[in-house]
Amino acid sequence: QQPVQSPQAVILREGEDAVINCSSSKALYSVHWYRQKHGEAPVFLMILLKGGEQKGHEKISASFNEKKQQSSLYLTASQLSYSGTYFCGTETHGSSNTGKLIFGQGTTLQVKP
Amino acid sequence: EAGVAQSPRYKIIEKRQSVAFWCNPISGHATLYWYQQILGQGPKLLIQFQNNGVVDDSQLPKDRFSAERLKGVDSTLKIQPAKLEDSAVYLCASSLVSGGAQTQYFGPGTRLLVL
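As they're listed, the protein sequences go chains A and B.
Take the first sequence: its position 59, counting from 1, is numbered 1514 in our numbering, and each next residue is one higher.
Take the second sequence: its position 64, counting from 1, is numbered 1402 in our numbering, and each next residue is one higher.
No wet-lab data here; the hints were simulated from the structure.
A quick note: this is a predicted structure, and the numbers were derived from the prediction, not measured.
The beta-carbon is built from N, C-alpha and C at its ideal position, and this holds for glycine as well.
Among these hints, one or two may not hold up.
[What the hints assert, rightly or not] Calculated lysine-lysine pairs in the PhoX-like style (CA-CA distance at most 20 Å, straight line):
1) B:Lys-1416 - B:Lys-1400
2) A:Lys-1567 - A:Lys-1514
3) B:Lys-1353 - B:Lys-1400
4) A:Lys-1555 - B:Lys-1382
5) A:Lys-1492 - B:Lys-1382
6) B:Lys-1400 - B:Lys-1421
7) B:Lys-1382 - A:Lys-1481
8) A:Lys-1555 - B:Lys-1400
9) B:Lys-1421 - B:Lys-1349
10) A:Lys-1492 - A:Lys-1567
11) B:Lys-1353 - B:Lys-1416
12) A:Lys-1523 - A:Lys-1481
[What the hints assert, rightly or not] Partial list, computed: chain A residues near chain B (C-beta under 10 Å):
13) Tyr-1489
14) Ile-1502
15) Phe-1558
Produce the complete structure using the sequences and hints provided.
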């Protein structure tokens, strides 16, 4: 029941916006977003717990539609430092607050000058 | 605050050999996770500990993989014997419950190549 991320890859110019989606076939308790640069560990960005909740981190924000089992990550006015692979990790209601995450396959973002 | 520590960072072995990885979580984090990340894929949970007890090891290939967390702090993950398909990055993470959720913090990983 791995969540599905879309798109698989995206190329942007600095200053452009992007949206990364994460969809699950299971009812979700939470969605966790991470960014991983090549050869490095995944870095935590944010957690979303409730339906319709939005959070922000610098110019990166996310929403969680609990009814649709979907989350979207919004990158506004992208910077070169945003380049990397973005993963969503989902926690289902059956595993609520156990910390058990199932990660999507990742979305590779490349920001060009 | 120190992050999650892992060693070694890189390991090259031949198939059928054994290998062990070590992880020291963030101080005070009760939950520790081992993940396998194959190139181009997301991390896959192998085993989860709560203090020194196993919470979930449903995806751990128990015929060749073993893990322990003595005294509820450090943990080791062992592969014996290794296969070619075990080539991957092995990530350790730890977490603390806060606000109804467990935020996981990852270590730098051990990159394993099996020849």
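Hints, one by one, checked against the model:
no.: 1; hint: B:Lys-1416 - B:Lys-1400; in the structure: holds, 10 Å
no.: 2; hint: A:Lys-1567 - A:Lys-1514; in the structure: holds, 17 Å
no.: 3; hint: B:Lys-1353 - B:Lys-1400; in the structure: holds, 17 Å
no.: 4; hint: A:Lys-1555 - B:Lys-1382; in the structure: holds, 10 Å
no.: 5; hint: A:Lys-1492 - B:Lys-1382; in the structure: holds, 17 Å
no.: 6; hint: B:Lys-1400 - B:Lys-1421; in the structure: holds, 14 Å
no.: 7; hint: B:Lys-1382 - A:Lys-1481; in the structure: holds, 17 Å
no.: 8; hint: A:Lys-1555 - B:Lys-1400; in the structure: holds, 19 Å
no.: 9; hint: B:Lys-1421 - B:Lys-1349; in the structure: holds, 14 Å
no.: 10; hint: A:Lys-1492 - A:Lys-1567; in the structure: holds, 15 Å
no.: 11; hint: B:Lys-1353 - B:Lys-1416; in the structure: holds, 14 Å
no.: 12; hint: A:Lys-1523 - A:Lys-1481; in the structure: holds, 10 Å
no.: 13; hint: Tyr-1489; in the structure: holds, 8 Å
no.: 14; hint: Ile-1502; in the structure: holds, 5 Å
no.: 15; hint: Phe-1558; in the structure: holds, 3 Å
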